[in-house]
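Student: Top to bottom, those sequences are chains A and B. Each residue of the first sequence is one higher than the one before, counting from 1175 in the working numbering. Each residue of the second sequence is one higher than the one before, counting from 1175 in the working numbering.
The set of hints was computed from the structure by calculation and includes no laboratory data. There may be inaccurate statements among the hints.
Just some of the chain B residues that point at chain A, by a computed CB distance under 8 Å [what the hints assert, rightly or not]:
hint, residue
1, V1193
2, V1195
3, P1197
4, M1200
5, H1247
6, T1254
7, L1255
The C-beta atom is built at its ideal place from N, Cα and C for all residues, glycine as well.
Protein chains: 2
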Amino acid sequence: MIAVLAGGVGAARFLEGLVQVVPPEMIVAIVNTGDDMVFHGLHVSPDIDIVTYTLAGIVDPLQGWGIRDDTTHALSMLATLGAETWFKLGDRDLAVHIRRTELLRAGWTLSQVTDAFRRALNVGIRLLPMSDDPVVTEICTPVGWLHFQQYLVQRRARDEALGVRFTGIERARPAPGVLEALCTAEVIMIAPSNPVVSIGTILAVPGVRDAIIASPAPVVAVSPIIAGAPVKGPAAPLMRAVGLEVSARGVAACYRGLIDVLVIDQADADLADDIRASGVEVAVADTVMRGPVEKRRLAEATLVAARTAVRRRSY
Amino acid sequence: MIAVLAGGVGAARFLEGLVQVVPPEMIVAIVNTGDDMVFHGLHVSPDIDIVTYTLAGIVDPLQGWGIRDDTTHALSMLATLGAETWFKLGDRDLAVHIRRTELLRAGWTLSQVTDAFRRALNVGIRLLPMSDDPVVTEICTPVGWLHFQQYLVQRRARDEALGVRFTGIERARPAPGVLEALCTAEVIMIAPSNPVVSIGTILAVPGVRDAIIASPAPVVAVSPIIAGAPVKGPAAPLMRAVGLEVSARGVAACYRGLIDVLVIDQADADLADDIRASGVEVAVADTVMRGPVEKRRLAEATLVAARTAVRRRSY
């Protein structure tokens, strides 16, 4: 069984490759929920939805989030009625949040809702929220602490990021199955997601980091930074905010002591020796996931890197 | 000022006529909320929405409810996720329920939400829910007591109706403005709505019936029954369930002691003497509201009937 720590778009695309080379029932994705937010009274779980929609084959391929060919009629009416509509929610997408909210209010856990939805949408891999308890990723800026979605979507990451915190993280318990997956996995993968606000959040859930370090399985991460920039999203300012260089070297520094090998893009091959010297093994691959073929090759390269890795984690 | 007791489609069309002959700011509609129901965790107020959408000019003209040219993408996804979708809710329509639910949870009253929405949709007349407290209209059938929407929409009125009750009515207070409107109105109108489950519910709110009887204003009702049948809706079985004849005569019997004059359709002119003999004055008009002209004429006829009415109410 393979356990994959996952954020949003990058992780979803990585998992699309992985299901081409590993039977989906052998994969468990542990998904960030620090970005979750209530809009219009509805519980939205952006990363869980991105992964679910992508693996269900219904994601909007251009945005990487939301549902393909979705309409926004409800959002227009919400605007007419005076609601804030800076977070774009399509009509089919809204149904997911409506139903999730209804079930949560009826006493279901986020894990149960997530599992029911991935089954309803014929997603073969198991999806676990990192926690069923509320955790809120917040960004410190000159205008104050902002919810991650306010920072990224409402204010379009225009504020200087000065720090990151995960409110509620001390009381968050790993969702049922998370620690079991990490303990029993044959391979642990860290998807090419934001190391600070996607993977960093999952790792901050009490017990998760320790379970990874204690696992006998090889741990392999894929760098989301290629040639000094992320493919998508606000990794650059947020890595800088926590003192990391925006490079594959910065990703390696972030995961040092936790992973055995880092898969970096061939564009960053010149950093390999430097990263190895810092104590992290390196595999070089084409990590740009243009289409199904590139996604499959990256999954294969990540599996090979894991299987040939020498244990480098600290205890 | 004119106060109008209102149910759904019939009342909405009647009000469309009334706003052609009376400035909208002179009209207050007191609307039935016994049909309200929670779907997918969202508070739906069918009669309030029908009246609001109709007066806003956005109602689906064929159905008489819902929003014109609305899509049902969210509902399809809700069905995929396992929700019951027998109550048809369009995407734009859903936005109204989403926002209403959010505001109610934030502590707004249904009156405040209703007023905000009619203003946002440029409806000039004031709309008051009959009560801000929950009242549930239920129909007794051989399979048990059913919520009105279950009886009408889910089971398509196929069960024999044996009785009607308004659960919660003893504790329901008239919404702010309801009694004031009835006390200060120059004319009180009862729209051509279901006398049992639309008007009957409003009249059952403690204080409403007494306020109407005590008002010095003329009280005029328009019969929703034409030639022995309602234009729309389940009035026939529900009138029978409470022992009323399904005719303009049955409507008169229902409102006897409460109204001064009943407007009946010309198709029922032969019943006029009989109704008068029972103690209810009668005005005969064309009550079939085919288009704007007929709606305006019915409003005019109703106003004339009110102004020429002799007080017939009992104290």
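Student: Against this structure, judge whether each hint is valid.
Tutor: Okay, the hints, checked on the actual structure:
Given the 8 Å rule on beta carbons, the hint for V1193 of chain B is violated: about 21 Å separates it from the nearest Cβ of chain A. For V1195 of chain B, the shortest C-beta to C-beta distance to chain A is roughly 28 Å, which exceeds 8 Å, and the interface hint is violated. Given hint, P1197 of chain B at the interface with chain A, is violated; its Cβ is 24 Å from that chain's nearest Cβ, farther than 8 Å. Interface restraint check: M1200 of chain B against chain A, minimum CB-CB distance 26 Å, threshold 8 Å, status violated.
Of the supplied interface hints, the one on H1247 of chain B holds, with its beta-carbon coming within about 4 Å of a beta-carbon of chain A, less than 8 Å. A distance limit of 8 Å between C-beta atoms decides the matter here; for T1254 of chain B the minimum to chain A is near 6 Å, and the interface restraint holds. A distance limit of 8 Å between C-beta atoms decides the matter here; for L1255 of chain B the minimum to chain A is near 5 Å, and the interface restraint holds.
Comparing the model with each numbered hint stated earlier shows that hints 1, 2, 3 and 4 do not hold.
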